[in-house]
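The numbering used here numbers the first residue of the sequence shown as 1 and each following residue consecutively.
In case anyone wonders, no lab produced these hints; they're calculated from the structure. Just so it is clear, the structure is predicted and the values come from calculations on it, not from any experiment. Any given hint could be a false lead.
To be verified - Listed below are the simulated PhoX-like cross-link pairs for lysine-lysine, each with C-alpha atoms no more than 25 angstroms apart in a straight line: (1) K62 x K27; (2) K62 x K97; (3) K88 x K62; (4) K97 x K56; (5) K97 x K196; (6) K194 x K100; (7) K88 x K100; (8) K62 x K194; (9) K56 x K196; (10) K100 x K56; (11) K88 x K152; (12) K248 x K15; (13) K196 x K15; (14) K27 x K196; (15) K97 x K15; (16) K196 x K100.
Said to hold, decoys possible - Pair ranges (Cβ atoms, derived): (17) P218 x K97: 41 to 49 angstroms; (18) T31 x V163: 38 to 46 angstroms; (19) E249 x A120: 43 to 51 angstroms; (20) E249 x I183: 37 to 45 angstroms; (21) K27 x A179: 37 to 45 angstroms; (22) L125 x S176: 34 to 42 angstroms; (23) S176 x S96: 38 to 46 angstroms; (24) A19 x L99: 20 to 28 angstroms; (25) V163 x L125: 27 to 35 angstroms; (26) P190 x P218: 14 to 22 angstroms.
Cβ atoms here follow ideal geometry from the backbone N, Cα and C, with glycine treated the same way.
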Amino acid sequence: MLNVHIFPDKVASGKAAAARGAELIRKAIATYGTANIVVATAPSQNEMYDALVAEKDLDWGKVNIFHLDEYIGLDENHPASFRFNLRKSFIDRLPSKPLKFHPVQGENPDPDAVCAALEAEISPLRLDVAFIGIGENGHIAFNDPPADFETKRSYLPVKLDEVCRHQQFAEGWFPSMDAVPKIAISMSVPQIFKAKAIINTVPDTRKAAAVAAAVEGPVTNMCPASILQTHPDCHLYLDAPAASLLKKEY
1 MLNVHIFPDK
11 VASGKAAAAR
21 GAELIRKAIA
31 TYGTANIVVA
41 TAPSQNEMYD
51 ALVAEKDLDW
61 GKVNIFHLDE
71 YIGLDENHPA
81 SFRFNLRKSF
91 IDRLPSKPLK
101 FHPVQGENPD
111 PDAVCAALEA
121 EISPLRLDVA
131 FIGIGENGHI
141 AFNDPPADFE
151 TKRSYLPVKL
161 DEVCRHQQFA
171 EGWFPSMDAV
181 PKIAISMSVP
191 QIFKAKAIIN
201 TVPDTRKAAA
211 VAAAVEGPVT
221 NMCPASILQT
231 HPDCHLYLDA
241 PAASLLKKEY
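Modelling step: build the complete structure from the supplied sequences, incorporating the hints.
See the structure below:
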């Protein structure tokens with residue numbers, strides 16, 4: 001079930017998303033002793049991460065953190081690396097060290113080996129919460145259209161479409177389109193769906209068309225985020241600009 005929550009601005013939507021996510025993490029720790037979560041890297045997640053790192057009484061030392069995606073061929077210290085930005089915006093700001101952070105090693109010359117290693121780490125675990133976003137082309141993680149909804153793999157190498165690459169360039173991560181990588185490693189859609197709960201934070205007008213297609217359009221791999229309509233516990237947190245093309249009342 002896709003639950004849509006709309007707020008006046010992205011600070012408010014980020015705070016609400018973080019509060020719900022923190023509640024789910026606390027519940028998992030209380031029930032199982034640990035929590036296993038997935039986190040995204042994007043400017044759209046910054047307000048949510050600001051609020052999440054400020055949450056009280058959350059024992060990060062009992063939390064396994066998995067990473068959604070990474071460019072193939074970028075060193076971890078490259079300013080556009082998702083690991084670099086995730087550490088800066090979230091991991092290094094946590095009040096205590098997480099139980100373990102499982103990054104996607106994009107610079108490894110053998111992407112299939114990276115995917116296999118990550119699959120071995122994540123497959124045995126219960127996945128409690130996935131914190132994700134939606135791209136301008138409707139992707140979730142780096143599963144660009146037409147996304148593979150049926151793969152059995154937890155992580156896989158993917159080719160980035162031009163809309164996705166233009167988004168990365170427009171956000172200022174690269175000096176030119178030619179510098180934007182064409183391939184990446186992504187957590188698969190079926191693996192994301194193994195999360196008991198999905199917290200989806202999507203601000204800004206430039207995401208409005210993708211949001212409308214994901215929420216009110218048909219479920220199709222040409223808008224990968226539309227499959228979130230079928231998840232049993234998915235909460236979508238929008239600011240007013242991102243929700244501006246929705247036709248129904250939420």
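Original post:
Has the given pair, K88 with K62, been kept, meaning a C-alpha gap of at most 25 angstroms?
Top reply: With a Cα-Cα distance of about 21 angstroms, the restraint between K88 and K62 holds, given a limit of 25 angstroms.
**OP:** With a cut-off of 25 angstroms on the C-alpha distance, tell me whether K88 and K100 pass.
**Re:** holds (16 angstroms)
Original post:
Do the beta carbons of E249 and I183 sit within 37 to 45 angstroms of each other?
Top reply: holds (41 angstroms)
Subject >> Satisfaction of hint between K27 and K62, Cα-Cα up to 25 angstroms >> reply: holds (12 angstroms)
Original post:
Honestly, do E249 and A120 meet the 43 to 51 angstroms range at C-beta?
Top reply: The hint (43 to 51 angstroms, Cβ to Cβ) holds, given that E249 and A120 are roughly 45 angstroms apart.
Original post:
Would you say the C-beta atoms of T31 and V163 sit inside 38 to 46 angstroms of each other?
Top reply: holds (40 angstroms)
Original post:
When you take the CB atoms of L125 and S176, is the distance between them in 34 to 42 angstroms?
Top reply: holds (40 angstroms)
Original post:
Within 38 to 46 angstroms or not, the Cβ separation of S176 and S96?
Top reply: holds (40 angstroms)
Original post:
Are the Cα positions of K248 and K15 separated by 25 angstroms at most?
Top reply: At roughly 24 angstroms apart (the allowed maximum being 25 angstroms), K15 and K248 satisfy the hint.
Subject >> 20 to 28 angstroms as the expected CB spacing between L99 and A19, which holds or is violated >> reply: holds (22 angstroms)
Original post:
Hey, K196 versus K15, does the alpha-carbon distance stay inside 25 angstroms?
Top reply: holds (21 angstroms)
Original post:
When you check the alpha-carbon spacing of K97 and K56, does it fall within 25 angstroms?
Top reply: holds (15 angstroms)
The structure does not agree with numbered hint 11 stated previously, though it agrees with all others.
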